[in-house]
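Participant: Chain by chain, the residues:
Number of protein chains: 2
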Amino acid sequence: MWEKQILLLPGPTQVPPRVMRAMAAQQINHRGPEAKELLFEITEGVKKVFQTTNDVFILTASGTGGMEAAVSNIICPGDKVLIVSNGSFGERFVQICRAFGADVEVIEYEWGKPINPDDVAFHLEKDKGHLIKAVFLQHNETSTGVLNDVKAVSEARGNHPALLVVDAISGLAAADLQVDNWDLDIVISGSQKAFMIPPGLTALSVSERAWEMVEKATASRFYFDLRLAKKFYEKGQTPFTPALSLMFGLKESLKIILEEGLENIFKRHEMYKNMVWAAAEALNLEMLAPRWAASPAVSAIKVPPGLSDKDIVNRLLEDYNVVIAKGQGKLSGKIIRIGHLGYVDGLDLLAGITALEITLYRLGYDIEIGAGVHAAEEVLRRGG
Amino acid sequence: MWEKQILLLPGPTQVPPRVMRAMAAQQINHRGPEAKELLFEITEGVKKVFQTTNDVFILTASGTGGMEAAVSNIICPGDKVLIVSNGSFGERFVQICRAFGADVEVIEYEWGKPINPDDVAFHLEKDKGHLIKAVFLQHNETSTGVLNDVKAVSEARGNHPALLVVDAISGLAAADLQVDNWDLDIVISGSQKAFMIPPGLTALSVSERAWEMVEKATASRFYFDLRLAKKFYEKGQTPFTPALSLMFGLKESLKIILEEGLENIFKRHEMYKNMVWAAAEALNLEMLAPRWAASPAVSAIKVPPGLSDKDIVNRLLEDYNVVIAKGQGKLSGKIIRIGHLGYVDGLDLLAGITALEITLYRLGYDIEIGAGVHAAEEVLRRGG
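Chains A and B, in that order, are what the protein sequence lines are.
In terms of our numbering, the first sequence opens at residue 84 and continues consecutively.
In terms of our numbering, the second sequence opens at residue 84 and continues consecutively.
Don't read these hints as lab results, they were simulated from the structure.
Hints may be right or wrong, so weigh each one.
[Unchecked claim] Under the rule of at most 25 Å between Cα atoms (straight-line distance), these lysine-lysine pairs were calculated in the DSS-like manner:
(1) B:K131 x A:K119
(2) A:K393 x B:K318
(3) B:K409 x A:K119
(4) A:K334 x A:K119
(5) A:K413 x B:K318
(6) B:K318 x A:K131
(7) B:K318 x A:K119
(8) A:K119 x B:K87
(9) A:K314 x B:K87
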């Protein structure tokens, strides 16, 4: 087989050859001088991507491990938390908080709708006794292609002392997120998204206010204990043997990210979003999210009446080796998702749109072949 | 720099070029057909190395994450557990069990001494009410170079229903461990040891008896919840995006392991142990472990009087790019440790012994240059 696949998932994403080569280095002593230099360099690099001077810790786990770390490090069983949920990953915060003994209150939106910051303000204003210890939400809700307005939610806290915990796993380095300027207490990222390396690392930023809660938290934790991570970081180590090959990759991918610059990266992802939206409009496909809250990292398209999500996804894989995602949970069967983040370029995406267009046509969907591709190409030509 | 380093750590260990190349493959859909085939293949391969037909789950985490999974999946807060500890990793079980609310009883040995199975029998016989839910111990205690007699400890349980949980992270695929024949309930391994891939994966085997406790356990868990792992495995997936590049590597390293065969691998590691012990004897170096309980994966040598562990380890790195480990915790400053597991061969180890001999000589230790190397070479020539 050719191994020539176009991976248009909202993670894992394709890995650049530079990063592949960097990962192919031999293992080193994780408690030696080379590992110390590596850990400091990548941690400082990740801080730049988070736009923060807060502490940042890189843990060996999937993004969900980072979400668990954010929960178990600040919760005392019985603590009240507010989860603002508009998709599958919002539900995951509910499950994790419950697993660690929190008293969970949920503001729930229809999947595909963005969060309304006024609702957060309303709930926190009602909480005169300041019982709510933390508010949890997604930056980019991977399951729906909605980008939430994290800055507005942060401002909606007003004088309420609740921490703001943001799952930015699929959004960071694709859409703007300013940890310091927006006053975000804990932000979680994952390696297999716009960081362009394979899955297995998750990074968390921790504000000073969050640290006060980390010190007092009594939920069960060991592997993800940020107090241990901090103690070992001070000597240039991690508490447990970290995924060194992924750290080698992260060092290289951070160079690529910082060479391109965050502003350019955000513009590029905006263009991808516009390409998919233009193609969808030309093909009479309906999008799940409202345009003003559409994600620059992943686009969710409603399955046209009479077609099946499985047929579309399977035929794309079989006929063209193009990989896109189906819907999750409640949206299973109802949407398909095209990931366009990290190491994907305009021509990759155009190839994916071409394959999708032909596949829809073959499955009997009534469109003019070329219409979607033409519209997307126009966006690519204009550069945005 | 040449990047030509001889890594003689008890993990991370060197990665074979075949495995490096396998890891350099592009990412795939972790919920697609290729990932399903991969997950089933490596899980079946790992079962062969564990010598088990029990369920095996591969999780994305360091080995300590696997230890936490073994604890949090079987404990209800307040449950009594017995930890048989003879080193730093025994202490880690104590910390994890306490973090998850267990009532911990410890049988503690001087570091460097092996576990006495009779002590376990004595403690379990006293427990007429069967309050002890599980017994925890290390197979190979990485911090001391002691190989515990896991089979004898298992037999020492007699009719007591306590589960036996074995940390075999640094011992598995270096020393024999028969999960089914020895009736071991939960066994934990790590990727960066004799599995010869980088850190970031941990695998656990779970017996039927252990499953009954997993279903009833009430300790906080989410990321490491084995019920989720089982549910997703049934459809050929992991609950969360796994470290795919390490899984690509594991597929290749399992081929290497099964081509060589477990019996041959164990013999090879026995030879490495004998090489180090022969060299140590010839150089009048004192070993920490008794010979009959010495590990085939890592050898701990007492620092000769008047010398410093740091000087030895640093000079080996600076002068020869040979990496060995210092002591941990209570043994800090008192021992040096030579790892000889996984993708290391007799000539690598002989080179390391040569560098150590010269370094000791330069640091003023009174030896005849060549004596240690000659003794080790004799073992290599005899093949054991």
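Participant: I'd like to know which numbered hints this structure contradicts. Please list them from smallest to largest.
Facilitator: Violated hints (numbers, rising): 1, 6, 7, 9; every other hint is consistent with the structure.
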